[in-house]
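The listed protein sequences derive, respectively, from chains A and B. Residue 225 in this note's numbering sits at position 225 of the first sequence, and the numbers go up by one each step. Residue 152 in this note's numbering sits at position 152 of the second sequence, and the numbers go up by one each step.
Source of the hints: derived by calculation from the structure; they are not laboratory data. Treat the hints with caution; some may be incorrect.
As the list claims (entries may be wrong) - List of simulated lysine to aspartate or glutamate pairs, EDC-like, C-alpha gap at most 20 Å:
| no. | chain 1 | residue 1 | chain 2 | residue 2 |
| --- | --- | --- | --- | --- |
| 1 | A | K213 | B | E94 |
| 2 | A | K220 | B | E94 |
| 3 | A | K213 | B | E204 |
As the list claims (entries may be wrong) - What follows is a set of in silico ranges between Cβ atoms, one per label pair, in the way DEER data are often shown:
| no. | chain 1 | residue 1 | chain 2 | residue 2 | range |
| --- | --- | --- | --- | --- | --- |
| 4 | B | R225 | A | V171 | 31 to 41 Å |
| 5 | A | R250 | B | F240 | 27 to 37 Å |
| 6 | B | R206 | A | Y242 | 50 to 60 Å |
| 7 | A | R247 | B | S223 | 31 to 41 Å |
| 8 | B | M202 | A | R259 | 46 to 56 Å |
| 9 | A | S209 | B | A213 | 51 to 61 Å |
Here a beta-carbon is modelled for each residue, glycine too, at the ideal position from N, C-alpha and C.
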Amino acid sequence: MSSPLTLAPATGGQRPRRLLVVLGGALIVATYLFLVTVQPAEIAGGMGSVASLVTLFGFLGGGALLVAGILPMLSTSSLVVMPLGIALNIAIGQIAGSLGMQIYLDAIGTVLVAVLAGPAAGAATGALSNAIWGLFNPFALPFAAGAALIGLLAGLAARYGAFRRVYLAPVAGLVVGAIGGLVAAPVAVFMFGAAGTFGTNAIIAVFRSMGDKLLVAATKQGLLSDSLDKIVVFVVVALIVYALPPRAVRQFPFARTHRVLGGRTGALPAPSPVKAAHGGGSGVA
Amino acid sequence: MPRRRIYDPLTELLAAVLLVVLVLVVDRWQFSLAVLVLVVVPAVLLSGRARQIGLAITLVAGPLLISSLLLHGLFYPEGRTVLADLGVARVTAEGLTFAVRMGLRMAVFTGVLLTAAMTLDLPDLLASMTHRGWNRKLVFIVGSAVGLIPHVALRGHRITRAQQARGLVVGRSPLSRIRALLTVMTPLVIGLLVDASERNRMLEARGFSSSVARTSYLPDTDSHRQRLARRGMVVAVAVFSAAWLVVAP
Chain A
1 MSSPLTLAPA TGGQRPRRLL VVLGGALIVA TYLFLVTVQP AEIAGGMGSV ASLVTLFGFL
61 GGGALLVAGI LPMLSTSSLV VMPLGIALNI AIGQIAGSLG MQIYLDAIGT VLVAVLAGPA
121 AGAATGALSN AIWGLFNPFA LPFAAGAALI GLLAGLAARY GAFRRVYLAP VAGLVVGAIG
181 GLVAAPVAVF MFGAAGTFGT NAIIAVFRSM GDKLLVAATK QGLLSDSLDK IVVFVVVALI
241 VYALPPRAVR QFPFARTHRV LGGRTGALPA PSPVKAAHGG GSGVA
Chain B
1 MPRRRIYDPL TELLAAVLLV VLVLVVDRWQ FSLAVLVLVV VPAVLLSGRA RQIGLAITLV
61 AGPLLISSLL LHGLFYPEGR TVLADLGVAR VTAEGLTFAV RMGLRMAVFT GVLLTAAMTL
121 DLPDLLASMT HRGWNRKLVF IVGSAVGLIP HVALRGHRIT RAQQARGLVV GRSPLSRIRA
181 LLTVMTPLVI GLLVDASERN RMLEARGFSS SVARTSYLPD TDSHRQRLAR RGMVVAVAVF
241 SAAWLVVAP
């Protein structure tokens, strides 16, 4: 008798760590609420040491807990597509730049993974994407929790049909972008004094010239920029996944089970009663 | 020439992160400047890759520092000491002070983390994570993603050139740019998904789903003393931070 070529299947240690996910989510929400409501000192009145520390540990710690809770739950098919999403996030920024694009498009990989592999994989892709990006650009690091939120919401939007029709994608992008902008604003303000690109800082400067506090100005800018960015990202991802061959989509249980692309998912047809009764008819096209 | 590695990558990364935490806790421009001059600059000079690291820090932090200076230097409604009134914009002493202090913090943040990351040997880091028993899925994702980034960039570049050879012209309108992006992205993503599907089968065939302990081909660069030092550093910074936040005015 020949020996098996594969190792023994997992017997334990793979149980979902939902508690970690709940704790991570709660930490991120508590950090956000602390920063926008309890934190009394406006950053532009001082450097806000406590606020910076809370931002760093709250959002990074929350993101780390989310990843620690989510990773053991993911299947191998979800796992292999995550590095692809992370690499796309980072590389597409460069392609967009070479094509003269004026928006970031740094969440295309996250949203793509979320649509194909689900909200958990999307959230982990977003958080890990910014953590790995931090090796090349440390400014991306504190935004990991916001990126995780984008992945989570994109996956939930896909789960409930936002990618079944192309005109629903920008609506979902608008909502997700607005929430992402709200979460990213305190990070930008309390960690870096809202420093960003010349384009985003120009928008903040407009609101500051009207007398807005720094956090308010950065939040308004986040609502504008992130919403526009995510509208484009969601539409681009929708058009890309519509162009994918059905076989490529079918390999993802999430996309198959929830028919995230509607009729385009290419779900296997149910076996006919006659064939099923004879035990045949796999239904493969 | 890159320096010879003395410490485990996890020890170096932790030291860099704790240094950033200290800068945030102390929150004094003098301390930020001291860390920049006495720690970051010597570390960059002794790294053996001073030119590359210096260039990377300049490219990453430079635009942010300039835009921060313009934003707070010209638009700071909380400022009372007006140095120049330019109509809509006002140059205030408070705004310039805030921009300089925030700029110093950002320079330390970028300098410390980028120096640590650029002197890091990624295979060593992944091996160290494996030896320490970190989640193998996390190790796979980090290693695979970092390896894929140049591959994706190169493939995207080749597809862009191929599409340009077939007549792709990027117009000035946003719609034309999005269409150009789609003509590059669609074949890129399809190709990458096919690769991922192959990788999925190969990983399953090699027992990736199994939960048994992994071995690493690379030797463990960690030691008992370094593990003790890491715990000691974390405790020392935590105690100092708590004391500073309570005592400092």
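The hints, checked one at a time:
The hinted pair formed by K213/A and E94/B meets the criterion: a straight-line CA distance of about 14 Å does not exceed 20 Å. Our distance criterion of 20 Å between C-alpha atoms is broken by K220/A and E94/B, whose separation comes to about 23 Å. About 54 Å separates the Cα atoms of K213/A and E204/B, which puts this hinted pair outside 20 Å; it is violated. Taken as a hint, the range 31 to 41 Å is violated for the pair R225/B and V171/A, whose Cβ atoms sit roughly 57 Å apart.
Between R250/A and F240/B, the C-beta spacing of about 55 Å breaks the proposed range 27 to 37 Å. In this structure the supplied range 50 to 60 Å is violated for R206/B paired with Y242/A, their Cβ-Cβ distance being about 34 Å. Range check, R247/A to S223/B: about 50 Å between beta-carbon atoms, so the 31 to 41 Å window is missed. Hint check: M202/B to R259/A, Cβ distance near 29 Å, so the stated range 46 to 56 Å is violated.
About 60 Å separates the C-beta atoms of S209/A and A213/B, a value consistent with the hinted range of 51 to 61 Å.
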